[in-house]
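Number of protein chains: 2
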Amino acid sequence: MTPTACLLIIGNEILSGRTQDANIRFIATGLAQAGIALEEVRVIPDKARRIVETVATCRAQFDHVFTTGGIGPTHDDITAGCVAEAIGVPLEIHEESYRKLEEYLGKEKFNKARQRMAWLPRGAIPIANSVSIAPGFTIANVHVMAGVPSIMQSMFTALLPNLEGGAPLRSVAWHADLREGTLAEGLEQIQNDFPLLDLGSYPFERQDGRKGVSLVAKGYDEASVTDAGERIRTLIESLGETPVSGEPAP
Amino acid sequence: MTPTACLLIIGNEILSGRTQDANIRFIATGLAQAGIALEEVRVIPDKARRIVETVATCRAQFDHVFTTGGIGPTHDDITAGCVAEAIGVPLEIHEESYRKLEEYLGKEKFNKARQRMAWLPRGAIPIANSVSIAPGFTIANVHVMAGVPSIMQSMFTALLPNLEGGAPLRSVAWHADLREGTLAEGLEQIQNDFPLLDLGSYPFERQDGRKGVSLVAKGYDEASVTDAGERIRTLIESLGETPVSGEPAP
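Protein sequence lines correspond, in order, to chains A and B.
The letter at position 203 of the first sequence is residue 202 when you use numbering that gives the first Met the number 0, and the numbering goes up by one with no holes.
The letter at position 226 of the second sequence is residue 225 when you use numbering that gives the first Met the number 0, and the numbering goes up by one with no holes.
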């Protein structure tokens, strides 16, 4: 069975529109390659009650919960404490992380605010951060990472090999100068013949204004994905257009 | 009171990493300006059970639910039916939308697949779509829009003036060549003095590699936001740096 996952983006800055999300796609792509199915993303504000409740709900519902954001040194960095509360363990100084941070920053700079980054839930396993040393952590089925994209990517890359996934998500994409309404009937027939695959159609517009559509077959069984891809290619040809292969769309 | 909102992004293509989200920020920014507080975003797959349950849960929890995705002509476009089910009304042909689509597309092109786009929940009010005519709709406190960014934007822009908001979200941002750990204590003091505002600190990296931080005060009371902004400016100066004003970060 393919393990399931939920991603929690913790941060007011996405909800207010201040910041464009730059983390969902990186994590989604990595999980798909690792054979872990990302089934939900939630963006929530950095309010303690909301974080505690959402972590508790989602970790019961999915095999893995990944979080980004809220583990820095400032007052609004409350993720570690909230995850500890959701799981029911105390927050305490993680000695090894404390020593590493003190060594990296020097005693003078390692003030009380920065020391907060060495407080982890009891039993947490640190996730290495090659950018700025302050660790993420895994506790139970919750993986806590930074929100700054470069740091998140360092942590996610360190974490991913430790997670057991199923077969990677496979996909085939064909693009054509067609509209969705023209191919909908034929595409539905292919979907009916491959009930375990996700068949999607995604309209796009070229820079010159010409409109097209990408037809994508996705799933965990490589042979079925290949077969469905062939059917899509044939469908496009039967509608009098020339299929163009690959990602991204032309 | 500021009304609250939740945004549901319905679509496998974000969860698989195929597509970079291009809708959250546009909607978040528009809601902030309209004085509606976006308190959660969820990205969910186009599976009927998940859509029905999530719409039902979120519309009980928030004043408004906005959805994007799944209202085109293909087999995976199931949002209208799921929203109807979540609210407990039948899906039926919306005569005016049917006529408009038939007129726009011509009788021959207006096939069975495209006719699906004229089926709305009973009692729904269409949301105009100046790009491709097929409407979104509002029913109860749920606002259903397309996922294609240009069409979503056309719908959201048509919809927003009809929604009653509170005072718009105000914000002040100051940027400085500082690290979060250095200013955390001072920033927390300001947060304590303005408990109704959100004070956030957001590290950034310039193209030349120099690191800085943006300090942002946000809230619905303009005078408090202005005062907190002054305190932030003074904090940066007291730490020996030159505050730079405005958005985006330099």
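These are calculated hints, taken from the structure and not from any lab test.
Hints are supplied without guarantee of correctness; some may be wrong.
No copy labels: a pair is met if it fits in one copy or bridges any two.
Claimed, not checked - Below, simulated DSBU-like cross-link-like pairs (lysine-lysine); rule was C-alpha separation at most 30 Å, straight line:
hint, residue 1, residue 2
1, 99, 210
2, 106, 217
3, 46, 111
4, 217, 111
5, 108, 210
6, 108, 46
7, 217, 99
Cross-check of the supplied hints:
Taking the shortest alpha-carbon separations for residue 99 and residue 210, only the inter-copy value of 21 Å comes in at or below 30 Å, while the best intra-copy value is 54 Å. Proximity of residue 106 to residue 217 under the C-alpha cut-off of 30 Å is found in neither arrangement, the shortest distances being 52 Å within a copy and 34 Å between copies. With identical chains, the CA atoms of residue 46 and residue 111 are at most 30 Å apart within one copy only, with a shortest distance of 22 Å there and 47 Å across copies. Taking the shortest Cα distances, residue 217 and residue 111 sit within 30 Å of each other only across copies (26 Å), while inside one copy they are farther apart (49 Å).
Taking the closest pair of Cα atoms, residue 108 and residue 210 come within 30 Å of each other only across two copies (16 Å); inside a single copy the shortest separation is 56 Å, beyond that limit. Taking the closest pair of Cα atoms, residue 108 and residue 46 come within 30 Å of each other only inside a single copy of the chain (28 Å); across copies the shortest separation is 51 Å, beyond that limit. For the identical chains of this complex, residue 217 and residue 99 are neighbours neither inside a copy (43 Å) nor across copies (35 Å), given an alpha-carbon limit of 30 Å.
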